[in-house]
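For chain C, the structure is supplied; the task is to place chains W, Y and V with the ligands on it using the hints.
Protein chains in written order, with the numbering used here: chain C, 1 to 416; chain W, 1001 to 1186; chain Y, 2001 to 2993; chain V, 3001 to 3107.
In case anyone wonders, no lab produced these hints; they're calculated from the structure.
It should be emphasised that the depicted structure is a prediction, and the values quoted were computed from it without experimental measurement.
Some hints here could point you the wrong way.
Claimed, not checked - List of simulated lysine-lysine pairs, DSS-like, C-alpha gap at most 25 Å:
1) C:156 - Y:2152
2) C:404 - Y:2885
3) W:1003 - Y:2768
4) Y:2428 - C:67
5) C:290 - Y:2137
6) C:404 - V:3027
7) Y:2152 - Y:2137
8) Y:2137 - C:97
9) C:353 - V:3049
10) Y:2428 - V:3099
11) W:1040 - Y:2746
12) Y:2152 - C:290
13) Y:2137 - C:269
14) V:3049 - C:67
15) V:3027 - Y:2746
16) W:1151 - W:1014
17) Y:2946 - C:134
18) C:156 - Y:2137
19) Y:2879 - V:3027
20) Y:2512 - C:290
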Amino acid sequence: MGLKRYSVFAIAREAMSFHQGWERAWRSPAPKSRYDVVIVGAGGHGLATAYYLGRNFGITNVAVIEKGWLGGGNTGRNTTIIRSNYLQDPSAAIYEKARSLYETMSQDLNYNVMFSPRGLMMLGQTEHEVRGYKRTVHANRLQGVETEWISPQRVKELVPIINIDGPRYPVLGALYQARGGTARHDAVAWGYARACSAMGMDVIQQCEVTGVRTEGGRVKGVETTKGAIDCDRLALVVAGSSSVLAEMAGFRLPIESLALQALVSEPIKPCMDVVVMANTVHGYMSQSDKGEMVIGGGTDGFNNYTQRGSFHHIEETVRALIETFPMLSRLKMLRQWGGIVDMTGDRSPILSKTPVEGVFVNCGWGTGGFKSIPGSGWAMAELMARGHSPLTEEFSMYRFREGKFIDESVAAGVAH
Amino acid sequence: MSKAVSALGGVSHKGFATVAEAGLRGMITVRGDLASAAMKKAVKAATGTAVPAQRRIEISGDRAAAWMSPDELLILVPYEAAQATVAALEQALAGSHHLVADVSDARAVFTIGGARAEEVLMKLCPVDVATLAPGEIRRTRAAQVAAAFWKSGEEEFTLVSFRSVAGYVMGLLETASRAGSELFLA
Amino acid sequence: MSTRLQKGGRLIDRSKPLSFTFNGRRMQGYAGDTLASALLGADQMMVGRSFKYHRPRGIIASGAEEPNALVGLGEGGRFEPNQRTTTTELFDGAVTQSQNHWPSLEFDVGAINDRFYRFLPAGFYYKTFMFPRFAWKHVFEPIVRQSAGLGKVPTDRDEDRYEYAYGFADLVIVGGGIAGIAAALAAGRQGRRVWLIEQTAHWGGRAVVDGVQIDGQDAADWVRDSLQALESMENVTLRTRTMASGLYDHGYLLAYERVADHTPGDGRPRHRLWRLRAGHVITATGAIERSLSFAGNDIPGVMLASAVRDYVVNWGVSPGDRTVIVTNNDDAYRTALALLDAGLVVPAVIDARPSAKGELPEAVRARGVRVLEGKGIAKVKGGKRVTGVSVCIQAGEGAELESIACDAVAMSGGWSPVVHLWSHCGGKLLWDEAQAMFRPDPARPATGADGAAMVTAVGAANGVLTAHDILAEAHAAAGGKGAAPGAVSAAEAPMMPVWVMPQGAGPKLRMKMWLDPQNDVKVSDVQLAAREGYESVEHTKRYTTLGMATDQGKMSNINGLAVLSDALNRPIPATGTTTFRPPYTPISMGAIAGEARGEIFQPLRRTPMHDWHETHGAHWEPVGQWRRAYTYLRSGEGVHDAVNREIRAVRNSVGLLDASTLGKLIVKGPDAGRFLDMLYTNMMSTLPVGKCRYGLMCTENGFLTDDGVVVRLSEDTWLCHTTTGGAERIHGWMEDWLQCEWWDWKVYTANVTEEYAQIAVAGPNARKLLEKLGGMDVSKDAFPFMEWREGTLGGFRARIYRISFSGELSYEVAVPASEGRAFWDALLAAGEEFGVTPYGTEAMHIMRAEKGFIMIGDETDGTVIPQDLNLGWAISKKKDDYLGKRAQERSHMVDPDRWKLVGLETVDGSVIPDGAYAAAEGVNANGQRNVQGRVTSTYFSPTLGKGIAMGLVRRGPDRMGEVIEFPVGGGRVVKARIVDPVFFDKEGGKQNV
Amino acid sequence: MLTLECPCCGVMAEETELAAGGEAHLKRYGPGSADDEFEGYLFVRKNPKGVHFERWRHAYGCGKWFLAARCTATLEVFGTYPAQSTEPPAELQARIRAKRPDWEGWK
Ligand SMILES: Cc1cc2nc3c(=O)[nH]c(=O)nc-3n(C[C@H](O)[C@H](O)[C@H](O)COP(=O)(O)OP(=O)(O)OC[C@H]3O[C@@H](n4cnc5c(N)ncnc54)[C@H](O)[C@@H]3O)c2cc1C
Ligand SMILES: NC(=O)c1ccc[n+]([C@@H]2O[C@H](COP(=O)([O-])OP(=O)(O)OC[C@H]3O[C@@H](n4cnc5c(N)ncnc54)[C@H](O)[C@@H]3O)[C@@H](O)[C@H]2O)c1
Ligand SMILES: Cc1cc2nc3c(=O)[nH]c(=O)nc-3n(C[C@H](O)[C@H](O)[C@H](O)COP(=O)(O)O)c2cc1C
Ligand SMILES: [Zn+2]
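For reference, chain C alone in the conformation it holds in the complex (with noise of 0.2 Å):
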């Protein structure tokens, strides 16, 4: 699969030629009847894990199976915060083996994914706050996770927007992760989907998987809007959808569903290079190249599978951030919207075998998994492909049974 590597002189060469002579990013191929792997859902954590079993496993007879178009789902529409300042050890593993993937990404995969180690920081607005960041501070450093307790003054001199002075929440100091930030979310789907298109592997757009296909326990594959397709191993990487897919293979996840919001302003010229994080008050921002300042809201407390929130979410986000971030007020809203994500009884994800041989899930992400597409996809693809993975063992879909929780909540109120 020669592929022609992205370059500035590749752009100008194609300029000569007003840029007729670009080929495509990834083919689009109709399914065969059987693959070793089949991957249902194109979205980050799908195509990293096929990119990785083909790289790290050479698995390269692989499909991912989308029934929408590629990237379309939360990883196509979230906040683009990457971290990993978590403060249990086997979060903290994951999320820091997925960013310092994220460093070399754009050259592993010759696709600029823009990943923007700007920094983030979370404000600690109450003594309770602070003590739990500090104890995070003290957890990373013996995770090998570099970040830092940073005083009032030191988050001012970062964030020169920002109102310290509260009066109802004065800003007490932060965590800080330097190497934090955010990347082009749509790029890093594509830029998988590219590299596993090259590979040899199948993507397959407006496919949707209609029923999984088992045998005496054992996955023999799955029914499309495309036909049936056999496979030896599936893995459902489907997010918001994981529930109903699990009700395909006849087994139960511990999954609720539901949606979570964030808007965007209106371009302006760049005013702040860091991501910021207020979990008192519930809301957090960055400043996306183009301009916009991307903000998070929250989910709604009810299951939802519409990616329409509702709107005193966005209210109770916007006023706190106003509160935060003064300047705000005088912005507009340009758009706003919903994604359906999963959750889980302690709010960690699921990296897992199930009661079907064969199939794998890989859900739970929730409100924070884009950070961890390139180390879950890794982390996946050494399940599947060895029957087990150090980052993976401790998030077994089995951990409720024996009360074996990951709850990263006890630092952090949330995990975006």
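Okay, now just chains W, Y and V with the ligands, sitting in the frame of chain C:
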């Protein structure tokens, strides 16, 4: 009783409507079987009114009985009369499963007066105020806190909130009633 | 040049001149102008620069669809970027600046991007800027960000205020054109509760500009009369300057009222966000004209034909002296007539259709204007302003037939119904081949709470373009009785879809055809996206940014879809549209936040003694929405010293703590004891009347969630104290179980937290102090530890609990909240001789730590079970069930290796840093350092003069005396010895006196 | 922005006056129950794309809990009923079946 003071000492503001803290009011939470004869007698004795029907408030002079939920009433009496009323209610309901609690000091009471009083509530409560029936009490929220209100006069509403947030509620009422921000043209 | 005409202008009042500035230049307009019409009137066609190539940008449209004409408006606390001049009413003294250029609008360095446009196709940044690795963040990204981003950043705090309002209606009609008005009349006459809202300051929409006749009147007069009729119906509410910004589930319609944008600083709220709950919604939102894709269609002076007409008719402004019209439909000829009526020159009408013989074209011909049939524009000439057009055959490749000099071009590519609100909640569209437009599919509307249709679209918004049909439809849709109003307007011949002009244009021309002039997306970009496999319209959108600008592609998204479909040779409906999302046009963040700012940003809960604390140096700590005094600062005193002073005062004499925020819940009834036995891990049913007992509550998941002292008030009544954060939560938790699980149990609860002011009087002199107030016997024998008494204390109705969280002799006194402040003052007065000292939460925390008492939120974090805290003594062995018991039987919960509570004493007496972890040997499978415990509370104890701490350590209680290591950064390691967590007065002698 | 009618006080309440409480008709498993029973009760909740029965509390109102039948894909509300119900009322089930013929039932 001079030691007792209401949360805001009776402040008031005049905008397109007049908003005021109404001072201390005796309030008693009563839980029990609202249909029982004992309850009927107890309420009658305490307020001189019948047991209010769903979402209604029965008023007689400076006393009233308000429906809070299928098994809960709020009895309103003059502040000074609260303790005696609590005792009387306890007596009247003795023997039946019930709960009587003095909450006179846990609440703040406000009045919103004027021809446009309704517009103040329209800015704060997700309620179709125009269709509020006479003698209906509505439990809802005022912006970010719990509140209950009813039409207490020709051009007056009475609103009750928790005492700890009295300052917040008055802040809301004052802002919402500022002259110039009328919702509808005369 | 564009100028103000001598006469005309329906909407302006020439007797009221207004002055404003643009980039510092003073200009003049009239009342009734928009910023755009005033700028055009002052010959300011070019008003900004584009996003990517920084090309000159002029005014294109006259309404919400305007992509280009954005300015920074106002100054200081009233500055706002990206204001759309076409929808902003002019006011006297308005200060405006153009955007996205440096150093000036006329000369912009960024414009060199334009020279290299060939090298900057869609998505070029995905293909480069990858080496060296650090360069993206440090070199390329900053450049990209600087050149993008449009408007300036506001700096000052917003000087305006905003508010919400709730409205309810049977029917909300959106759009005040003839369709909306006709619908309102029909519905209003039947007495339904109707709202009719219009985003602009004026009623009538397009019809009044087009000179339509309704029921024998000019549309304008019919509109005036109809509005009078509507105003007289009190079941009808009319609102101008009010835009429906979004339609949400269950008929929730957000309407954005621009109350004072046109009268800034007059004290009224600037914006009001209406939350309308509608039984049904009618969208009569009209249609938006489409641009045509020909080379140079982005040069200032190229405008929408309807906009040109609006400027002439509504504001008496001519965009140019010589205006060439280019179209694919008859409607644009109305613009020719309007220009001619205004005495302006129309050199030619260029009509892409092979023949144009309709009523309107003929009328134009009759006025001596050349109509060029089957022709198109090969390219527009000019840079910062149109100087002419070169004409070509539409069916050809763009060879110039002739060149026509002009200073304006009025284009019309047909119309797109405004289907946004229809679509917000999932209403579907269908493709209307004949009119080349997506319009609402009546068979697939958005549905509401009852599963029935929530929206109906009427008028141009429904793809009906002739006035007569519109009125009939709107009347019927609103259930109108009797005859609908009738209208007369010129008959129109069919339009002809034109997506690229000329049809056979080569790459060079297509690279100059703008689809999205704000984001600089061109026909060639969409074709590139298709070529590279970004086939889904959603991919194309994200790859090229088509339609992602502040106008959201209202004017030309459809052109983009058509180009994409053509490139993939699939039918347009197979391509479909991108998702319509709120808001219809951007709305201010201020309005979204409503009144919630400053003092009323959030409720602030105050105890009855709050003001005293405030005036006595309280250093506040937010606890939920409460504020508690962390400590009381005396002049010149540091926080640390203040805390230590308070602790010493309590340990040596007596202190006062405002404990009013603690939750107080009454639980009463025949089954109350049984209920509390399920709620608490310990046995509460056996607590004797008159006594107090410390209790623990767990979640069903087994984790410790709250604790507090439970009091048996009477045979069937208990009072449960909860943590400050627990009051509402635990009360709700109780009601949940009573209502949803054990509804046959006879138990009532009441939350009386705020009924009482509660004050802890603690210290060796506590008893003396209470005795001095007098009225109750608080002696050791009459009032033993862990009991309660009721009575009158110093003239106050009081209930006293003899409990201690500080380890001192201590009484917690509850009095009615209304008397709380008076009681506090009385204690201070009586306590003067003992140097009574109010103390804050930090002193309380430290003293309880000295005693080894756990604190919810410190020792617990949602992952800790009571067994971890050695609280087995508080877990009844006699009960076969309590909430959380089953969970605590799971394998991981009974694992002997769990971390358990111990005391920690640093070897060197120093204080272990907050949150430190104890390291263990080696690393785990993921290369992380192994750990064996962590600190949960750590303080300097002034009582003991050294650092003390509690922590959770693996098998901790079995390892007394062992020293473990806490790496705390910078290579520093703190060594601490595992000890008993009770550091002070183990025997409890001090509290039991 | 949902609206639900509270069966306890008759108010047509909007979402901001209510608190959502998750799946309805759960059976509590206490001490003595099997690990998977307990896991099922506490964590493995129904999460259908379609008809769903759930708990709501009229928090800013009468304070009572009630149950609702709602479609998670369209947000249509089929009805509300008292929390003290061991299963959805028959007439409600009938109404749902009429609107959703392929509905597999509430259990
Ligand atoms: C508003 C919002 C903000 C967020 N912010 C952040 C953030 O700042 N940082 C962060 O780290 N995370 C964030 N997240 C979370 C993050 O987006 C997700 O965790 C992550 O994108 C999940 O990726 P995924 O590949 O697992 O799922 P998805 O990207 O959703 O991919 C799943 C795919 O499966 C497909 N699919 C579903 N059913 C079928 C079927 N039957 N057949 C075939 N295909 C199917 C879907 O169409 C979809 O494309 C946010 C999420 C949202 C909604
Ligand atoms: N012949 C043609 O090709 C053609 C094309 C389009 C329109 N027309 C003419 O235009 C008129 C259409 O009448 P109509 O009433 O259907 O549409 P209209 O455009 O006249 O009126 C729509 C009104 O809705 C308002 N509006 C749009 N979105 C809104 C929102 N979100 N909130 C509040 N207000 C909003 C607009 O400001 C406008 O005033 C008719 O006279 C028709 O003949 C003709
Ligand atoms: C980081 C980020 C930035 C975005 N910026 C813009 C923007 O500048 N303009 C815009 O119209 N939409 C923007 N969006 C929103 C998308 O247009 C879209 O609404 C979102 O991806 C959800 O997809 P959907 O609305 O098609 O369902 C942005 C989304 C994300 C995640
Ligand atoms: Zn209710």
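The hints, checked one at a time:
1. Annotation: proposed proximity of residue 156 of chain C to residue 2152 of chain Y holds, straight-line Cα distance about 20 Å (limit 25 Å).
2. A C-alpha spacing of about 16 Å is found between residue 404 of chain C and residue 2885 of chain Y, which places the hinted pair at or below 25 Å, so the restraint holds.
3. Distance hint between residue 1003 of chain W and residue 2768 of chain Y is fulfilled; the C-alpha atoms sit about 23 Å from each other, no more than 25 Å.
4. For the suggested pair residue 2428 of chain Y and residue 67 of chain C, the alpha carbons sit about 19 Å apart, so the restraint of at most 25 Å is met.
5. The straight-line distance between the Cα atoms of residue 290 of chain C and residue 2137 of chain Y is roughly 14 Å, inside the 25 Å bound, and the hint therefore holds.
6. Proximity of residue 404 of chain C to residue 3027 of chain V is assessed by CA-CA distance (about 23 Å); at most 25 Å being required, the pair is judged to hold.
7. With a C-alpha separation of about 22 Å, the suggested pair residue 2152 of chain Y and residue 2137 of chain Y falls inside the 25 Å cut-off, and the hint holds.
8. Taking the CA atoms of residue 2137 of chain Y and residue 97 of chain C, the gap is about 20 Å. The hint holds against a cut of 25 Å.
9. At most 25 Å may separate the alpha-carbon atoms for a hinted pair to count; residue 353 of chain C and residue 3049 of chain V meet this at roughly 24 Å.
10. Annotation: proposed proximity of residue 2428 of chain Y to residue 3099 of chain V holds, straight-line Cα distance about 21 Å (limit 25 Å).
11. As the CA atoms of residue 1040 of chain W and residue 2746 of chain Y are separated by approximately 20 Å, the hinted pair is consistent with the 25 Å bound.
12. For the proposed pair residue 2152 of chain Y and residue 290 of chain C, the alpha carbon gap of about 13 Å is at most 25 Å, so the pair holds.
13. Between residue 2137 of chain Y and residue 269 of chain C the CA atoms are separated by roughly 17 Å; this keeps the pair inside 25 Å, and the hint holds.
14. Taking the CA atoms of residue 3049 of chain V and residue 67 of chain C, the gap is near 16 Å; set against the 25 Å cutoff, the hint holds.
15. For the given pair, residue 3027 of chain V sits about 21 Å from residue 2746 of chain Y by alpha-carbon distance, which is consistent with the 25 Å threshold.
16. Restraint check: the Cα-Cα separation between residue 1151 of chain W and residue 1014 of chain W comes to about 19 Å, which is no more than 25 Å; the hinted pair holds.
17. Distance check on the hinted pair: residue 2946 of chain Y and residue 134 of chain C sit about 22 Å apart at the alpha-carbon level, within 25 Å; holds.
18. Proposed proximity of residue 156 of chain C and residue 2137 of chain Y is supported: the alpha carbons are some 21 Å apart, at most 25 Å.
19. Simply put, residue 2879 of chain Y and residue 3027 of chain V have alpha-carbon atoms about 21 Å apart, close enough for the 25 Å limit, and the pair holds.
20. Taking the CA atoms of residue 2512 of chain Y and residue 290 of chain C, the gap is about 22 Å. The hint holds against a cut of 25 Å.
Hint check: no violations occur; every hint is consistent with the structure.
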